[in-house]
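Trainee: What follows is the residue order along each chain.
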Amino acid sequence: MSAWILERVCNGVPPRTYLRQLITPFNLAAGLIVLLGCPFLVWRYLQGLGVVTHASNDQPWGLFLAWGLFSGVPLASTGFLLASAVYLFGMKHYYPLLRPAVLTGFIGYFFAVVYLLVDLGMPWRLPYPMIRSFGTGSVMFLVAWHVALYLSTQFVEFCPAIFEWLGADRFRRWALRVTIGATIFGVILSTLHQSALGALFLLAPGKLHPLWYSPYLPLLFFISSIFAGLSMVIVESALVSRYLPQRVGLKSLQSLDPLTLGLGKGAALALVTYFAMKWIALAHGHHWALLNTGYGWWFLVEVFGFVLVPSFLFLAGVRKENARLVRWTAVFTIVGVIANRFTVSMFAFNWKLPHREFFYWKELIIVASIVAIEVLTYRWIVNRLPVHKEHPRYPGAH
Amino acid sequence: MKNNRRRFLQGITAGGGALFFSVPASASNSAEYFPGWPDRVGLLMDLSLCIGCRKCEEACKAANQLPPLRTPLEDLSIFERERRTDAENYTVVNRYANPQPDRPPVYVKEQCMHCEEPACASACLVGALSKSPEGAVIYNKNICLGCRYCMIACPFNIPAYEYFNPTSPQVRKCTLCHERISRQETPACAKICPNEAITFGKKSELIDLAREKIRNHPGKYQNHLYGVSEAGGTSWLYLSELPFERLGFPADLGTKPFPEFTRGFLSMVPAVFVIWPALLGGLYAFTQSRKRPETAEQRNQANQSNPA
Chain A
1 MSAWILERVC
11 NGVPPRTYLR
21 QLITPFNLAA
31 GLIVLLGCPF
41 LVWRYLQGLG
51 VVTHASNDQP
61 WGLFLAWGLF
71 SGVPLASTGF
81 LLASAVYLFG
91 MKHYYPLLRP
101 AVLTGFIGYF
111 FAVVYLLVDL
121 GMPWRLPYPM
131 IRSFGTGSVM
141 FLVAWHVALY
151 LSTQFVEFCP
161 AIFEWLGADR
171 FRRWALRVTI
181 GATIFGVILS
191 TLHQSALGAL
201 FLLAPGKLHP
211 LWYSPYLPLL
221 FFISSIFAGL
231 SMVIVESALV
241 SRYLPQRVGL
251 KSLQSLDPLT
261 LGLGKGAALA
271 LVTYFAMKWI
281 ALAHGHHWAL
291 LNTGYGWWFL
301 VEVFGFVLVP
311 SFLFLAGVRK
321 ENARLVRWTA
331 VFTIVGVIAN
341 RFTVSMFAFN
351 WKLPHREFFY
361 WKELIIVASI
371 VAIEVLTYRW
381 IVNRLPVHKE
391 HPRYPGAH
Chain B
1001 MKNNRRRFLQ
1011 GITAGGGALF
1021 FSVPASASNS
1031 AEYFPGWPDR
1041 VGLLMDLSLC
1051 IGCRKCEEAC
1061 KAANQLPPLR
1071 TPLEDLSIFE
1081 RERRTDAENY
1091 TVVNRYANPQ
1101 PDRPPVYVKE
1111 QCMHCEEPAC
1121 ASACLVGALS
1131 KSPEGAVIYN
1141 KNICLGCRYC
1151 MIACPFNIPA
1161 YEYFNPTSPQ
1171 VRKCTLCHER
1181 ISRQETPACA
1191 KICPNEAITF
1201 GKKSELIDLA
1211 REKIRNHPGK
1221 YQNHLYGVSE
1231 AGGTSWLYLS
1241 ELPFERLGFP
1251 ADLGTKPFPE
1261 FTRGFLSMVP
1271 AVFVIWPALL
1281 GGLYAFTQSR
1291 KRPETAEQRN
1301 QANQSNPA
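Residue numbers (this note's numbering), protein chains in the order written: chain A, 1 to 398; chain B, 1001 to 1308.
For the record, the hints were derived by calculation from the structure and aren't laboratory data.
Just so we're clear, the structure is a prediction, and the values are computed from it rather than from any experiment.
A portion of the hints provided could be inaccurate.
Selected chain A positions facing chain B (Cβ under 7 Å, derived; list incomplete) [unchecked claim]:
(1) N57
(2) L120
(3) M122
(4) R125
(5) G135
(6) G137
(7) M140
(8) I188
Derived list of chain B stretches under chain A, where covered just means 3 residues or more per stretch with a C-beta under 8 Å from a C-beta of chain A [what the hints assert, rightly or not]:
(9) 1123 to 1132
(10) 1143 to 1156
(11) 1277 to 1284
Every residue gets a Cβ at the ideal spot worked out from N, C-alpha and C, and that includes glycine.
Just chain A, with the same shape it has in the complex (with noise of 0.2 Å):
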């Protein structure tokens, strides 16, 4: 039984070799990174939130919330949006990049929880909206509910993979007779809470700024995480296949470049659909005014530079069959979801405020600290299960 699990742990080869493999200059690095966060997760569980965060009561939500939560969910819609392309759209040629898809998502959404436990005042409260007091009418109660329902769902949509490592044979055909249920609830799950992070700030209307609060925002949510998660797909396949070729099928890697041009195309379609919408929002709370404002200024950079431009940028890799360029594109999307994200939950929130404070540098050592554990649980999985190739014994299966 050990030996088992030293096999699988070990990843195949003997203990004393997989160790001596492990010292590499990104593991050190990674390492080096994570070590320096720990001393700082310790003492904010010891002194409190507001050693490591300004503290400030105007500003309650800092980097956490703003990278973890509001930018982390819409970067994790990977697997409703490639699970709903293949099982439901009949899209069956994305097949190759599903699992790595749900595997994304699900990393985001449990290092999302991860996040929020560092956030929470009392985290190991975190069950009671399930459990013990109900808020039905907030919007937070239906974000508590939906991830952890949804981090659920992604997960019984990973176990063929993890049954596959395990050579758990009938559990395996169980996890796989639950595929379009669980798909389709996944969906349903990730529109609601997609656009539930954007109706959060329907709350504030006096202290979010003009130019971001809309009765759109749960909309604007939901349809920026569309193309922020086929971004993600297109660049974390291109990570994987650079750096950890040998993970990666034959077959997936020569499919790759047209699979990315269509992830491309519609993450393109995705962008000109939020511009469209972002000007009807605009249009809707009537305020033209205010864009030669500093805000105004800072929103057209976002509109044009991070959502029409990336939209041009896919069209042209696409009719030029240039799957390097769409990688870069995907990368600038990425960036720019995040800067939107950023705006909304802290530049332009408390805009009429004097003094601001956004976050402190010792959150961001934390946040470091935490994603470099995000990618080491990544590739640990990528390097062990059938992931991005499909397992021996289960050929057809991926």
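Given the coordinates of chain A, work out where chain B should sit on it, guided by the hints.
Mentor: For chain B alone, kept in the frame of chain A given last:
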């Protein structure tokens, strides 16, 4: 009979509208409108009577077992900086310069306004904040998670957080001396006020009293009783000689109760749960049926049209 049917049809369209276009419930159904508990209490503050002695701050701290004042009452330098409420100060008095040169400055006492339909209560995912029938917005520290969404939601920037408490950090704010009110006592700040700037009583009577003051002193007060309709109405009411926006009061709140801002979105949730499975299941069936010809006849046709 005819009337009944019309009402039924109106109900159907309103319900359908709520389902598909997320019309806030109150727009389609006037019974949703909540005018407030009938005998609830309130506090009326006449800003023209406040002398900035900060005795209310001191009394508030004693009544709520908060650490004593850090700046003594005599130290007027405290007014040089505008303060807000925090975890140790449920109420603060700020000074605002009077634009008329020969007139004294105006002092404004700030604390939780105790909204009739509080934004914080509708923000809380465990219902740790609630409006009591007596009038106070009260906090249940035993279920709060510390997510601080109430602080994001409050239009008056009132709730504060115990950032340096690692084990049981609470959201702290004025309690309207809820326990004293339950014992038929006056809130500490109203009781201590040496100049009777704060009047405690039934909200309906306070509104009458304030209107009477405005009528009896023509030209003295602004013809605006702050708190009657702001954000759907609050338990604290303010009378002022100067326009409220000059005194740090949020002037752009509107009269809509804040829970309304998210009600429309929340009403969409059950609809998505019902409609999406049908829509997506239908889509799945469509893509499946397009792939394989259903009947033998179709299969023959398909074979004939593709002579390979």
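Trainee: Output the indices of the hints that this structure fails to meet, ascending.
Mentor: Violated hints: none; all satisfied.
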